[in-house]
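First to last, the sequence lines map onto chains F and H. Under my numbering, think of the first position of the first sequence as 1, with each following residue one higher. Under my numbering, think of the first position of the second sequence as 1, with each following residue one higher.
Hints in this document: simulated from the structure, not taken from any laboratory. Heads up, some of the hints might be wrong.
[Unchecked claim] The following label-pair restraints were derived from C-beta to C-beta distances: (1) H:Q110 with F:E341: 22 to 28 Å; (2) H:Q76 with F:N285: 46 to 52 Å; (3) H:A61 with F:I310: 23 to 29 Å; (4) F:G382 with H:G73: 56 to 62 Å; (5) F:I310 with H:P46: 36 to 42 Å; (6) F:Q299 with H:Q110: 48 to 54 Å.
[What the hints assert, rightly or not] Taking beta-carbon pairs under 10 Å as the criterion, some of the chain H residues facing chain F (in silico): (7) P41; (8) P44; (9) L45; (10) R82; (11) D100; (12) S121; (13) R125.
[Claimed, not checked] If you want the ones that stay clear, here's a sample from chain H, every Cβ over 10 Å from chain F, calculated: (14) H20; (15) G22; (16) A23; (17) I30; (18) E35; (19) H47; (20) P49; (21) A61; (22) S90; (23) V102; (24) Q114; (25) T116; (26) T126.
All of these numbers come straight from a predicted model, not from anything done at the bench. Built from N, CA and C at the ideal position, the CB exists for glycine as well.
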Amino acid sequence: MAEPDLRYISSGGRAVKTYATLLAPVIGIAVGPLLSLGPHLLQGGASFDPLWGAAGASVSLIGAIAAYRVISSRVSRPATSLVATLDRIRNGDLETPVVKSGKSGELSAVFDALENLRATLQSDVRRRADAASAEQRAAAQRRASQDAESRGYVEAHEFFMKSFTEGLERLAAGNLKHRLNDPFSSDYEKIRHCYNVALDKLRGAFADMLGHIDGLTSRTGEIAGAADALAQRTEQQAASLEQTSAALEEITATVHKTSDGAQRAAGVVSEAQADATRSSEIVRNAIEAMGRIETSSRQIGQIIGVIDEIAFQTNLLALNAGVEAARAGEAGRGFAVVASEVRALAQRSAEAAREIKSLISTSSSQVEDGVALVAQTGKSLGRIVDQVVEANKVVVEIANGAREQATGLAEVNTAVAQMDQFTQQNAAMVEETTAASHGLKSDIERLATSVAAFDLGERGEAAAFAPKRQKPLSTNKAPPQPRRVTTRGGALPKEQPAQVEEGWEEF
Amino acid sequence: MAETISRVATSEAKEFIAFHIGAQTFCIDIMAVREIRGWTPATPLPHAPTFVRGVINLRGAVLPVIDLATRLGLMQSEPTARHAVIVVQSAGQVVGLLVDAVSNILTLTQDAIQPTPEVASEIARTFVKGVVAAGDEMISVLTIQNLLPEPVLDAA
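Please build the complete structure, drawing on both the sequences and the hints.
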């Protein structure tokens, strides 16, 4: 602050500026809070108008300056006092009343004016000070309240940050049971609520997930077991199909043999038929030959009859000769001897003829028997031919049937081959299913492990799930190797029974 | 035969014609026999006795034929070509005797012919003069005169 000297008076404009400058802090002190509090005061509806106050002060200052210039320009002696007074006033000493140093009217008036000014200023300053103090009190109060509010905010913020960070940290650590139970400030209460709701929902979701994981574990276990059993059964089916195929091949071979045998039998039967036909021809010839023999026998019989007749007549002639010889007496003795000899010859002839006749008769009856037998043989042969023809038909039917059977068996073979192919495809799919189910199982176990990392607290599900999760983890460390299903003639893989023993026997 | 001839030579031997009727053998004196011939169908005579077969043509002469089996009271025979007719002559009568077969010419001495047993009936003894035992068979010697029936004799 520059000393108020005459330089300032000589150069009044500057002095005015100087005083204006000097008064400016006062005015700034007075007006600054006014201006700063302006909106509050305006909002509060206060009657004080800073603009008008400032304007009044400025006008007063201008008036004082004008008076000071008049005084300084007209008075030099009291000027010093005046200056000192002014300086004092400038220095803010408004308590001290202005002492008149001169008796001149003008200066007195100046001093009066100055006194007035001082008084006015004093009152103004007091008023302002009052106002400022009031303002300051109000500001302090406001600040205090603001500070308290800020502190509250900060504390609430810190509490919120601490609790929320802790909650988030616990959440990050997998603790889902840590709810934010301490209420936050109203600004953060909603966040707490949201956090708690989110946590509850997460916990519920995880609990659900655990429940589902348990169900999924058991179900995937079932699926895996079922897939294993299915794989085993598919392999058994494949083996059965192989056996069926082998049996079918054997049957096919047998049927082919049957067909060949039936065809050979048909050939043999045809030959037998031809032989039988030829035999019937032979029989016919034999019958004819027999007939010729019969005819010859009859002719022989007739001839024998003639011989017998001749013998009979010769015998009669010999008898008559004997009779004549007997009549002749002694003279006829020799003749009687001759007649007797002739008669004996005739009797032998008759005897021989009779024997021949009986022989011929026997032969004839035997020939008849032979004819009858040959005829029977012929009939039998005819029947045999018929039966052979029938047998030929049957054998041909058998051969045809065997051929049809072979065809049917070929179709059955094709079907079995297709079934085998499908079974292989099924087995491949079952393998994939098994691998997928085991993969699913291990995925679910990993999921269970991941979910187990979260502490669900007192809801109970997690505790209930915990021992259950252990079991599948221990039994299903490694997913079973995908089994290769043998296509033909392969033995069943030996790891199957071990898998079955794990408790899926009932499938 | 030679034996028979020798026997004839040593004793009063006679010759007989032996023949069969059924299973029996009979014989008659050969001196009564005119000839022996085969059977030819005879023409029956009305109202003739049953043992008269009928008449046959013997070289132009009508010859009555007597069925000897019927005449002797045996089974009537059915004559065939092998039956024989012995033409006999007795007391001027020529008659044919139908027999089954002429078997032999016997030469018998008188002592070989044994008389017909007394037990036989009068008719049998009328016909059978005696019985000869020849080997294992018995031969009845017939009396020709008695064989011819009375009507025939009357007719003759």
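Do the hints match the structure? See the list:
For Q110 of chain H paired with E341 of chain F, a C-beta distance near 27 Å keeps the hint of 22 to 28 Å intact. Here the CB-CB span from Q76 of chain H to N285 of chain F is close to 50 Å, well matched to the stated 46 to 52 Å. For the hinted restraint 23 to 29 Å between A61 of chain H and I310 of chain F, the CB-CB distance of approximately 27 Å keeps it satisfied. For the hinted restraint 56 to 62 Å between G382 of chain F and G73 of chain H, the CB-CB distance of approximately 60 Å keeps it satisfied.
The supplied range of 36 to 42 Å is met by I310 of chain F and P46 of chain H, whose beta-carbon atoms lie about 37 Å from each other. Our hint of 48 to 54 Å for Q299 of chain F and Q110 of chain H holds, since their Cβ atoms are close to 52 Å apart. Checking P41 of chain H against chain F: minimum C-beta separation of about 17 Å lies over 10 Å; hint violated. Hint status for P44 of chain H: violated, given a least beta-carbon distance of 24 Å to chain F, over 10 Å.
Below 10 Å, beta-carbon pairs count as interface contacts, and L45 of chain H has none with chain F, the closest being about 25 Å; its hint is therefore violated. Because the beta carbon of R82 of chain H sits about 6 Å from the nearest beta carbon in chain F, less than 10 Å, this interface hint is met. Interface restraint check for D100 of chain H: the shortest CB-CB distance to chain F comes to about 13 Å, outside 10 Å, so the restraint is violated. Given hint, S121 of chain H at the interface with chain F, is violated; its Cβ is 31 Å from that chain's nearest Cβ, farther than 10 Å.
Hint on R125 of chain H is violated. Least Cβ distance to chain F is approximately 26 Å, over the 10 Å limit. H20 of chain H, annotated as away from the interface, keeps every beta carbon of chain F farther than 10 Å; the closest lies near 13 Å. No beta-carbon of chain F comes within 10 Å of the beta-carbon of G22 of chain H; the shortest separation is about 19 Å. Once the 10 Å rule is applied to beta carbons, A23 of chain H is consistent with being away from chain F; the minimum gap is 18 Å.
Not every CB of chain F lies more than 10 Å from the CB of I30 of chain H, the least distance being 4 Å, so the non-interface label is violated. The Cβ of E35 of chain H does not lie farther than 10 Å from every Cβ of chain F; its closest approach is about 5 Å, which violates its non-interface assignment. Against the 10 Å criterion, H47 of chain H stays outside the reach of chain F, whose nearest CB is about 32 Å from its own CB. No beta-carbon of chain F is positioned within 10 Å of the beta-carbon of P49 of chain H; the least distance is around 27 Å.
Annotated as non-interface, A61 of chain H keeps its C-beta farther than 10 Å from every C-beta of chain F; the closest such distance is 17 Å. The Cβ of S90 of chain H lies farther than 10 Å from every Cβ of chain F, with a closest approach of about 15 Å, so its non-interface assignment holds. Remark: the non-interface label on V102 of chain H conflicts with the geometry, its nearest Cβ contact in chain F lying 6 Å away (cut-off 10 Å). Residue-level check passed: Q114 of chain H sits 23 Å from the nearest beta carbon of chain F, beyond 10 Å.
Non-interface status of T116 of chain H relative to chain F is upheld: no Cβ of that chain comes within 10 Å, the nearest being about 24 Å off. Interface exclusion of T126 of chain H from chain F stands, the closest Cβ pair being 25 Å apart, more than 10 Å.
Hint violations for this structure: numbers 7, 8, 9, 11, 12, 13, 17, 18, 23, all remaining hints satisfied.
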